[in-house]
Amino acid sequence: MKKTNLIILIIVATCLGLVSSEISLERKMVVKSANHYLFFTLTDIAVDESGNIYIADEKGKTLLKLDISGKLLHRTVSKKGEGPGDLPGAIRWIRCGDGKVYLGFRRYFAIQVYNDELNFQYKISLNRRVMDLAVRDGMLYIPNLYTNIDFPVRILMDPGEGIAVNSQNQLPSADQIAAHRWGNWLTLTVDREHNIFTARLFTDRIEKWNREGAQLWSTHLFDGHSVRLKNGRPDFPRSFYYTDIARDSRDNIYVLAGSRAQNPRRDIYVLSPKGKHLITLTLPQTSNFIRIDGNNRLYVRGGIGKDVVIKYQIKNLVD
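Note that the sequence shown covers residues 915 to 1233 in the working numbering.
These are calculated hints, taken from the structure and not from any lab test.
Careful: at least some of the hints might be erroneous.
Said to hold, decoys possible - The list that follows gives simulated cross-link-like pairs (lysine-lysine, DSBU-like), each with its CA atoms no further than 35 Å apart:
| no. | residue 1 | residue 2 |
| --- | --- | --- |
| 1 | K975 | K1014 |
| 2 | K946 | K973 |
| 3 | K985 | K946 |
| 4 | K975 | K1190 |
| 5 | K1014 | K946 |
| 6 | K1037 | K973 |
| 7 | K1037 | K1014 |
| 8 | K985 | K973 |
| 9 | K1014 | K942 |
| 10 | K1037 | K946 |
| 11 | K1229 | K1037 |
| 12 | K942 | K973 |
| 13 | K942 | K985 |
Keep in mind that this is a model prediction, so the values were computed, not measured.
Construct all of the structure, not just a fragment, from the sequences and the given hints.
The following block contains the structure:
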């Protein structure tokens, strides 16, 4: 009888909307400044499949690795002029993949590569600035800002893998070279089959591509337009449609809203692998990045104060 009553209660609760099947977030952990280290400027973070957190502190010239519970594992301090591995300029991003940590810079046309203990390994020199990076099976995926072809991504082989840089999509041919294209500013993520998901910063467009450059789908969540340029440039910081992108284990896509959203840098649009808008999640604080680890934990920037990184568990995912 009690079991029957319990089943009836669950059915009633579901009908009344008290039990939700929608994707949601459950706050799990906060990394605070001064727990192990006093942060000066948290520029970006990366998260590996196991949930280890890699943090780049630009002003402190420091890279840190924390374990899944927030315990400090490794710390590397670098100053300009100290030799290989020093930080040559302002940090733009930090990424990890294949057991390595990759660091990109704002005005330095190279990627510096470290092992997972934050020891410098080698440098990848490039001919253009690198706005973002995704890593998968020794392949590097980089936004291509200077091409007329439709496919806005460069694909390189990581030379640290012992293979020469792949010429495919590394440098455009003479008839493909274009002036800098604001429309190609994007953030990207790559799935296990090397499909590429992109979200444009200054154009209302979210896309899926295969590694050969064929577009699999394209969608938009606002007006479908591009921002108007003022004196040849977007109106920073009020022009962003989207600012970051991530992917969960079911290949749902999470896109962090820019200034065009109802809640700028707080709204996260969740799309199915086929590009259907499923739900919008709203963070309690703004963030300049979103990361998702192999166990579907979402990491965002903490608010003003000592909270540096906040970790959420993504709930109610279904296959």
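Checking each numbered hint in turn, tell me which of them this model violates, lowest number first.
Violated hints: 4 and 11; rest satisfied.
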